[in-house]
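Colleague: Work the whole structure out from these sequences, hints included.
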Amino acid sequence: MNRPRRERREEAPLESAGQLAWLLGTLLLVTLPHVPHVHPWVTAMVIGIAAARLSLALRRRRLPSAWLRVPLTLLAFAGILATYRQVSGVDAGSSLLLVMAAMKLLETRGRRDRAIVVFICFFLLFAAFLREQAVWSPAYLLLTVTVATMALLQTARPRAPLPPAEALAVTGRLLLQAAPLALLLFLLFPRIPGPFWSLPQAGGRAHSGLSDELSPGDISELVLSDEVAFRVRFDGPPPASAQLYWRGPVLAKFDGRRWSARAPAYLPGLRRRLERSGPEVGYEITLEPHRQPWLLALETPIDWDAPKAALSSTFTLASIRPVERRLAYRARSLLSTRTPGSMPAPARAADTWLPPDSNPRSRAWAAELRAASRDERDYLGRILAHFRREPFFYSLTPAALGAQSVDEFLFDRREGFCGHYASAFAVLARAAGIPARIVTGYQGGERNPLGDYWIVRQADAHAWVEVWLDGHWERIDPTAAVAPERIERGMDTAVRSGRLRGAEALRGSALGQRLLLSWDAVNAAWNRWVLAYGPDSQQRLLRLAGIADPSLRHLLALLIAGMSAGLAWLAWRSQRRHSGRPDPLLRSYRLLCRRTARAWRARRPAETPAEYAAAAARARPELAAQIRGLFEDYERLRYEPDADRAAIGRFEAEVRRFRPPRAPARARA
Amino acid sequence: MAAVLQTAANSLGRRLRRWAAARQGTDPVCVELEPRRVYILPTRAGLVFGAIVFTMLLGAMNYSNNMGFALTFLLAALGIVSIHHCHHNLRGLSLRALGARPVYAGEPLLFRFALENPGLAARWQIDLRWDGGPATAVELAPGERRLISLPLPTARRGRRRAPRLSISTRFPLGLFRAWAWVDMDLAGLVYPQPASRASGTPRGESGRQETGRDTTGDDDYSGLRDWRQGDPPKRIAWKALARTGQKLVSEYLSGTPLPRWIDWESEPAGNIERRIARLARRVLDADASGLDYGLRIPGSELAPAQGEEHRHRCLRALALFGEDAGR
Chain A
528 MNRPRRERRE
538 EAPLESAGQL
548 AWLLGTLLLV
558 TLPHVPHVHP
568 WVTAMVIGIA
578 AARLSLALRR
588 RRLPSAWLRV
598 PLTLLAFAGI
608 LATYRQVSGV
618 DAGSSLLLVM
628 AAMKLLETRG
638 RRDRAIVVFI
648 CFFLLFAAFL
658 REQAVWSPAY
668 LLLTVTVATM
678 ALLQTARPRA
688 PLPPAEALAV
698 TGRLLLQAAP
708 LALLLFLLFP
718 RIPGPFWSLP
728 QAGGRAHSGL
738 SDELSPGDIS
748 ELVLSDEVAF
758 RVRFDGPPPA
768 SAQLYWRGPV
778 LAKFDGRRWS
788 ARAPAYLPGL
798 RRRLERSGPE
808 VGYEITLEPH
818 RQPWLLALET
828 PIDWDAPKAA
838 LSSTFTLASI
848 RPVERRLAYR
858 ARSLLSTRTP
868 GSMPAPARAA
878 DTWLPPDSNP
888 RSRAWAAELR
898 AASRDERDYL
908 GRILAHFRRE
918 PFFYSLTPAA
928 LGAQSVDEFL
938 FDRREGFCGH
948 YASAFAVLAR
958 AAGIPARIVT
968 GYQGGERNPL
978 GDYWIVRQAD
988 AHAWVEVWLD
998 GHWERIDPTA
1008 AVAPERIERG
1018 MDTAVRSGRL
1028 RGAEALRGSA
1038 LGQRLLLSWD
1048 AVNAAWNRWV
1058 LAYGPDSQQR
1068 LLRLAGIADP
1078 SLRHLLALLI
1088 AGMSAGLAWL
1098 AWRSQRRHSG
1108 RPDPLLRSYR
1118 LLCRRTARAW
1128 RARRPAETPA
1138 EYAAAAARAR
1148 PELAAQIRGL
1158 FEDYERLRYE
1168 PDADRAAIGR
1178 FEAEVRRFRP
1188 PRAPARARA
Chain B
503 MAAVLQTAAN
513 SLGRRLRRWA
523 AARQGTDPVC
533 VELEPRRVYI
543 LPTRAGLVFG
553 AIVFTMLLGA
563 MNYSNNMGFA
573 LTFLLAALGI
583 VSIHHCHHNL
593 RGLSLRALGA
603 RPVYAGEPLL
613 FRFALENPGL
623 AARWQIDLRW
633 DGGPATAVEL
643 APGERRLISL
653 PLPTARRGRR
663 RAPRLSISTR
673 FPLGLFRAWA
683 WVDMDLAGLV
693 YPQPASRASG
703 TPRGESGRQE
713 TGRDTTGDDD
723 YSGLRDWRQG
733 DPPKRIAWKA
743 LARTGQKLVS
753 EYLSGTPLPR
763 WIDWESEPAG
773 NIERRIARLA
783 RRVLDADASG
793 LDYGLRIPGS
803 ELAPAQGEEH
813 RHRCLRALAL
823 FGEDAGR
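Keeping their order, the protein sequence lines are chains A and B. Residue numbers 528 to 1196, in the numbering used here, belong to the letters of the first sequence in order. Residue numbers 503 to 829, in the numbering used here, belong to the letters of the second sequence in order.
Among the hints, a few may not be true.
[Claimed, not checked] A few chain B residues that don't get close to chain A, going by computed Cβ distances all over 10 Å:
id: 1; residue: 515
id: 2; residue: 664
id: 3; residue: 674
id: 4; residue: 687
id: 5; residue: 802
id: 6; residue: 803
id: 7; residue: 818
[What the hints assert, rightly or not] What the simulated footprint calls covered on chain A by chain B, stretch by stretch (three residues with Cβ under 8 Å from a Cβ of chain B suffice, anywhere in the stretch; the number is not a length):
id: 8; stretch: 605 to 611
id: 9; stretch: 654 to 663
id: 10; stretch: 676 to 689
id: 11; stretch: 828 to 837
Because the hints were derived from the structure by calculation, they are not lab data. In this text, all values refer to a predicted model and were calculated from it rather than measured experimentally. Ideal Cβ positions, reconstructed from N, Cα and C, are used throughout, including at glycine.
Modeller: Structure representation (structure tokens):
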């Protein structure tokens, strides 16, 4: 008898406009970040259904029947399959969720259906963060969760929504109390480094960055990119710009035109065997995700705290996994132009090898020059001098080169950028039997005085050469011979051609420059403090808190202690709110009784105020007038129907002023 | 699968009820919902919410996505805080039972309660229901006290013991449900359903047989007498009242008859309930006629009298016939 009644109530399409508005608002907020990424029909469908739902509610019409809903849902799913050809991946997944949320809107009959719409919206917000985590993301998170909480609060009500002011107050209270707990969880919840399952490509967006290959023309694309590669903060005074060679992959395989990296070898204990001589510099790098394993470091890295990273035999620091998220790590480097290594005979053969039929003119020229030189060092010096003396130009837009790329560059075109110079130099060195390889990475960087850190952009990508001389790999940067300003003052001053984009134009003006740097400083702080927060940061945090050897146990203990304290505070606060009687008069009366008790004895439970006052007045005649007056005031205020607040306030003040001297021991007894 | 879960949930619910009953015992008529008697469990939506937060946590870990972590932890904290608010929405409330008026079998007993919120915070979305029954929703402003009538269906005469009362809330987000069970040992009196008039008067039975006179009709008017407590208003001589200021009642021949007895023995033997129904009908009829009447049933005899109080005593005796004897 009771059941049908309840069901009927829940099945009525009863959203008041107030409840539905919050639901639609939540859906709108979580849809927005997906709009640029999902196929337009998905967005159109969500908006269309939301509008239809709103119009049905406003006209108090029935919701569509299953005959319409089920085919529509199947059609939408088929559409997603047809559009994306998969259901995994952020784009397909969020499209699916969007369609589900929209379809669920059409059958929100009960509390539970409405809650499910909100829950799907939470997932959509999560998916949006997989796409982008920008500085404004936390604000968006708070806004959306606030609206979603309002939606949950309002739709959890069986009938009319709460009055807006009341609902906002409840939501605000919930969120304000949840925020500190959430912060605590964020800081202290043990971060287990992922991934547990494979990461789908985030929307197929290509990340620019170094690659493990170099053929003429490659780096020019990078150089046109204004994207940040990483940011650096030096522990002490930063080294000169000319010393900032950020080492990336080393390319030692040459096929006549293209350089590529050999499979990296990791020598156990390499870090221990390093000779630590010369000036060292410590710094912290916040690396943007580039989907490659290497971690950039200043030459020559000797110490680092990046997790699961190792130094390869070519002194490239690399992680065992591609860098999929922003990563912060600290490192120390020797500022030296020499890299240690060893050169057994097979390695020498490999590192001097040139394809037999490639670049014949260069090799002939090299043989000639080598014969005229005193020794290897002299020979290499003569090559650099040749670059300087002859009309070689530094250009970011050189003409395309053919198969004999080095020949063409050296003898015909004579214009190019770091890749061309490094490649030509290494080929010339090898042609003379000197082991040589190309190191790619970044050179220089832009100092941001606002945040006191350095920004290294993709535009700072660079390639230089290492040659084996005197038992070391020695760095030689042939580009410096042609365009020394590129090395000394950075990319910007060296090249002002062909890469004027919006940001570039802005950078032209002083104010624009300042704005850009400020914005970058904000971003850098966001990346460094929030996005790069991870297991290592937790360790550092615990060390800051004075725990010498932080472990998971410490983390959990702190977390539990913090959460308990938070909840206890909450309980204490609500206790007062929920059961405290809002009666200032009673409070003052209790105080009066306590004060009188101090002067004489406590009021017995059965004593009326008048009786107690009379007895106290007899026992302490010197206080009689005061006590009688106060107790009479109390009774009058208590029973007078129109006792006003001001009178109660005056009474309160008088009670506060009433400080009778303590009772002598005998009087108390 | 769903059926198995449902069965498991029901069995768990029964155990929980037994446990709570053993723990709390019977309550006095005025109860404050102290923290220890307010229970709380997640609702189905709450369980789904928990699963979602857990999934997001795995996702955030997998992608090392710090905004994902932020969302996950904010939602988790929101859930935790809402447990607290849900529980506090009930605790501290005080409930006082005000009883129920007797009704005839088949009509719902309306138990009245006063629910008071002594705190500074409003209490939202509070549902009162008999265990398993339909809910009556209440909201209380700070300091507000509200009267609530909770209907309890009745089927048969006698003392109807009220089942356990449940006070519950899903405020604020519907993720948790806090509830308290209150068992005040309340009972309402259910009068027997009177037999319908047609079948009401048993053969050979009427007032006349006992009084020897007709009980109605103006022909038997015999004069005025002083008004007595319990005289029906329709017999007050309004004209005389207006003239003399004295309250007099028209007296009929039947007005001073021998007291009329409604006797168990005068009913044909047979089904006890039917017999009681007919007796109830006669009590009502006699009451309506404004004459003195008495009730004689096995085990009790109520001397002839009239008035509301007397009618109640008679109906009560009929309602409890056979019930108290058993106790």
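Colleague: None of the hints should be skipped; say for each whether it holds.
Modeller: Going down the list of hints, with the structure as the test:
Listed as outside the interface, residue 515 of chain B is consistent with that label: its C-beta sits roughly 16 Å from the nearest C-beta of chain A, beyond the 10 Å cut-off. Every beta carbon of chain A lies more than 10 Å from that of residue 664 of chain B, the smallest distance being close to 15 Å; the non-interface claim holds. Not every CB of chain A lies more than 10 Å from the CB of residue 674 of chain B, the least distance being 5 Å, so the non-interface label is violated. A cut-off of 10 Å between C-beta atoms confirms that residue 687 of chain B is not in contact with chain A; the least separation is 23 Å.
Against the 10 Å criterion, residue 802 of chain B stays outside the reach of chain A, whose nearest CB is about 35 Å from its own CB. With a closest Cβ-Cβ approach of about 39 Å to chain A, residue 803 of chain B is found to remain outside the 10 Å limit, as its non-interface label requires. Listed as a non-interface residue, residue 818 of chain B keeps its Cβ farther than 10 Å from every Cβ of chain A; the least gap is roughly 27 Å. Check on the stretch 605 to 611 of chain A: 0 of its residues sit with their Cβ under 8 Å from a Cβ of chain B, so the three-residue criterion for coverage is violated.
Only residues whose C-beta sits within less than 8 Å of a C-beta in chain B count toward coverage, and the stretch 654 to 663 of chain A has 3 of them, enough to reach three; the restraint holds. With 9 residues having a Cβ less than 8 Å from any Cβ of chain B, the stretch 676 to 689 of chain A passes the three-residue criterion, so the hint holds. Here's how the stretch 828 to 837 of chain A fares: 0 of its residues keep a CB closer than 8 Å to some CB of chain B, so the rule of at least three is not met and the hint is violated.
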